[in-house]
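S.K.: Sequence:
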Amino acid sequence: MTPVLLESILKGHGANRVVVANLPRELRDLVAVALKDLSIAFVEDLPSEDALAACAAADVGITWADFAIAEDGALGEVARDDTARLAASLPIVHVVLLPAGRLVRDVAEAMAFAGGLLRSSGPGQRPTITFISGPSRTGDIELRLLYGVHGPHSLHVVLLDWYEGR
96 MTPVLLESIL KGHGANRVVV ANLPRELRDL VAVALKDLSI AFVEDLPSED ALAACAAADV
156 GITWADFAIA EDGALGEVAR DDTARLAASL PIVHVVLLPA GRLVRDVAEA MAFAGGLLRS
216 SGPGQRPTIT FISGPSRTGD IELRLLYGVH GPHSLHVVLL DWYEGR
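Under the working numbering, the residues of the sequence shown are numbered 96 to 261, in order.
Take the hints with a grain of salt, since some may be wrong.
Beta-carbon label-pair distances, calculated as ranges [stated by the list, open to error]:
no., residue 1, residue 2, range
1, Leu147, Gly217, 22 to 28 Å
2, Arg239, Arg214, 41 to 47 Å
3, Arg232, Glu166, 15 to 21 Å
4, Glu204, Glu237, 38 to 44 Å
Think of the hints as simulated: they come from the structure by calculation, not from any bench. Please read these numbers as outputs of a predicted model, since none were measured by experiment. Using N, Cα and C, we set each Cβ at its ideal position, and we do this for glycine too.
From just these sequences and the hints, can you work out the full model?
M.R.: Structure (structure tokens):
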């Protein structure tokens, strides 16, 4: 079902070029099946300079979230490589895969989860944790609210009730 849903999202946005980053190894093949007719780049397989170019040229970025905050609708994306974060922020559409069992209730639980991740990482191996709550919002001098000025215009979260994750 997940490949069908991904394919539907990508077709709905008219996507041709997709970058994928930060996915657990066992999900790469599943995502590749959904993207079989598109130009796809797995960021981790590219040198950093090629990853930047691939992310900048992509229509859609597909990434993994380690947790999400139910009360606020925010995602917690944990990246150990800055180039992987580009897949979430440069394409106009961002698709996030999230195990349903990784939903936490509120910010306090999210901070405890994030703190555990940081404490368990070795010296010099601290990940970057990014909280994503949807397209960026900004207001100008005329008090008009604009969405997606900095980063993706559209965010899709695919809850995986069949996968526990890493």
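S.K.: Decide, hint by hint, whether the structure agrees.
M.R.: Okay, the hints, checked on the actual structure:
Between Leu147 and Gly217 the beta carbon distance is about 26 Å. The supplied range of 22 to 28 Å therefore holds. For the pair Arg239 and Arg214, the beta carbons lie near 43 Å from each other, so the given range of 41 to 47 Å is met. With their beta carbons about 19 Å apart, Arg232 and Glu166 fall inside the hinted range of 15 to 21 Å. Look at Glu204 against Glu237: about 39 Å separates their beta carbons, and that is inside 38 to 44 Å.
No hint from the list above goes unmet by this structure.
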